[in-house]
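> Chains as they are written, first to last, in this note's numbering: chain S, 1 to 486; chain Y, 1001 to 1110.
Calculated directly from the structure, the hints in this document are not laboratory data.
The reader is advised that the hints may include incorrect statements.
Said to hold, decoys possible - Computed beta-carbon distance windows for the label pairs:
id : chain 1 : residue 1 : chain 2 : residue 2 : range
1  : S       : Asn66     : Y       : Thr1085   : 19 to 25 angstroms
2  : S       : Lys147    : Y       : Leu1037   : 57 to 63 angstroms
3  : Y       : Val1047   : S       : Lys482    : 57 to 63 angstroms
4  : Y       : Glu1027   : S       : Arg252    : 53 to 59 angstroms
5  : Y       : Lys1030   : S       : Lys147    : 43 to 49 angstroms
6  : S       : Lys482    : Y       : Gly1009   : 54 to 60 angstroms
C-beta: ideal position from N, C-alpha, C; glycine also.
Residues per chain are reported as follows:
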Amino acid sequence: MSKFKTLDTYNESLNGGYRLAPLNFTTLDGDDYVISNMAGEYLVVSKPNLHAFIKHKLSPAEPIYNELKSKHFLIDSDSNVAMDLMALKVRTKMSRLADFTGLHIFVVTLRCEHSCPYCQVSRQSEDRAAYDMSKETADKGLELVFKSPSPAIKIEFQGGESMLNFDIVKYIVEEAEKINVIERRDLQFVIATNLAVLTDEILEYCRDHRIHISSSLDGPKELHNKNRPRPGGDSYERTIQGIKRVRDKLGRDQVSALMTTTEASLEQPIEIINEYLKQGFDGIFLRPLSPYGFAIKTKSYKAYDVDEWLDFYFKGLEYIIELNRSGTFFVEQYAAIILNKMLTPFGTGYVDLTSPAGIGIGALVYNYNGDVYASDESRMLAEMGDKHFRLGNVHENNWEEMLTSEQLLGPLEESFAGSAPMCSDCAFEPYCGSEPVFHHATQGDYLGLKPTSSFCRRNMAIFRRLIKLMETDSEVKSIFMKWVRI
Amino acid sequence: MADSIFESGKGIQATNFVIETSIYSLEVIKKAAYCFLDQATFEFKAVGEKVECQVSFNQPLAEKEVIDFKKAFDTELLDQDLRQTVSNETESMRNAVLAYAFSRTGLQSE
Ligand code: SF4
Chain S
1 MSKFKTLDTY NESLNGGYRL APLNFTTLDG DDYVISNMAG EYLVVSKPNL HAFIKHKLSP
61 AEPIYNELKS KHFLIDSDSN VAMDLMALKV RTKMSRLADF TGLHIFVVTL RCEHSCPYCQ
121 VSRQSEDRAA YDMSKETADK GLELVFKSPS PAIKIEFQGG ESMLNFDIVK YIVEEAEKIN
181 VIERRDLQFV IATNLAVLTD EILEYCRDHR IHISSSLDGP KELHNKNRPR PGGDSYERTI
241 QGIKRVRDKL GRDQVSALMT TTEASLEQPI EIINEYLKQG FDGIFLRPLS PYGFAIKTKS
301 YKAYDVDEWL DFYFKGLEYI IELNRSGTFF VEQYAAIILN KMLTPFGTGY VDLTSPAGIG
361 IGALVYNYNG DVYASDESRM LAEMGDKHFR LGNVHENNWE EMLTSEQLLG PLEESFAGSA
421 PMCSDCAFEP YCGSEPVFHH ATQGDYLGLK PTSSFCRRNM AIFRRLIKLM ETDSEVKSIF
481 MKWVRI
Chain Y
1001 MADSIFESGK GIQATNFVIE TSIYSLEVIK KAAYCFLDQA TFEFKAVGEK VECQVSFNQP
1061 LAEKEVIDFK KAFDTELLDQ DLRQTVSNET ESMRNAVLAY AFSRTGLQSE
């Protein structure tokens, strides 16, 4: 039975005229517009050209005509495979959906010796029984991990401070390796840690089992220690020393660092970037402050609005571009994720910038007590008493029950940007995400009202800036080309 | 658009647009209004071939700001109208591409 016309139907000879292909457009600035297609290819066109094009009044003699044609925005009698090509590109971008779920996060303990004011989940407790993951829970979690059809599986350990329950980390690594002898997936391990309680024994274990270390570095000493109080006030010193020890033992590229942005960070984008350079990193992820957990409770989320953060971000980005111009290869990683979507046919698994949303599809989180959440943010929300995105418990529910639960399918369906008001018309939709957890936390529904959404405001400003930069400066474009697919 | 404004001591709090539905469809008008929900709330009333659009600003505006708001709203109406043209012409093609992209097999005719 025919459900849709074939793609060939749209490739018929057009007798000299042209047909529009599916596209969205949004203002860039002034009289310029960005148009994009479903595969994420974009073009900047002037308002008169846009109007002429859509009203079928654009002459093939106009230089923009061929650009529109080569990026599949129009189909004429010479471009009879345009729709097949476009469909193939869209399919390549969507292919990650069939291979869900690649990232599995095990929260091995909530205990932590730091007391960071913005932290959503940690507990200053000696009570191992109350806040540590048990072997029984780990076993059940692993059963679920290998139910995922993804050929590549990354198991990430988080806390609290994950190294405070390193015995269970070892247990999970060894059990996963045993299962993988049969499963033969591309299996990787990452441990997220503040490095403060790192020992030689742990380091050796990580080396022997090729566990990547993901640490936290918020910037220069004073800022880092202010953000991350611990007994002795020496978080920065321990982090820097830890990074060095990991590099010596495991290799240079076996340690990465993530920063958390706080109100205090906003004044110091250059200093933060310089700290990353000083520590030998070749990139930084300039992150917005998470709206979850204590961050909402302590009002630190509301302490600065999205425009202040954008100011911080663009100052940082500009500085990073200058570094690259003068010969230092250094990447802003959020921009790199977006540029990958703009400049390559590949999708990215980055949970915040995917639609359908990355929850469940991109990552699953196994909490210390066996509760399973659709994303890390979902479990942070749960720590505040909102268990909206709890999919079940490893001891009570199976894979099918959790992955087809209303807690997952409801928000996925309701938040889908392709059919959401404003997003469905937005030229930036192929680069953006739907973020149902963020919108639920900040606006009370999965979809969110995009004109008032700080997620939308932040991302739209970044999309516009990145395109504008590439349009106006070819050197920036070639710098950005070096950032993609790395 | 013919307009009236409602002023208080603090500035202009509301205004009224009247839009001909022979020029812009109700769908287009509503989509344009949606984009400004961060600045105002809208109420619509159909009056014959026209739509009366009551705009209440979230914060009182100066006269110049109201003029800018109207200009931006006009541009958005035009853009939404063009989007409607694109959508009418390409919707079935969009569905065919999506069907191909989302499915491994089976959604297309032989
Ligand atoms: S959230 Fe905003 S930027 Fe993203 S697709 Fe929707 S309207 Fe566009």
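> Evaluate each hint against the coordinates.
To see whether the hints hold, each was checked on the structure:
1. S:Asn66 / Y:Thr1085: 19 to 25 angstroms: Holds, since asparagine 66 of chain S and threonine 1085 of chain Y (Cβ atoms, about 22 angstroms apart) stay within the stated range.
2. S:Lys147 / Y:Leu1037: 57 to 63 angstroms: violated (42 angstroms)
3. Y:Val1047 / S:Lys482: 57 to 63 angstroms: holds (59 angstroms)
4. Y:Glu1027 / S:Arg252: 53 to 59 angstroms: holds (57 angstroms)
5. Y:Lys1030 / S:Lys147: 43 to 49 angstroms: holds (44 angstroms)
6. S:Lys482 / Y:Gly1009: 54 to 60 angstroms: holds (58 angstroms)
Going through the hint list in order, the structure does not satisfy hint 2, though it satisfies all others.
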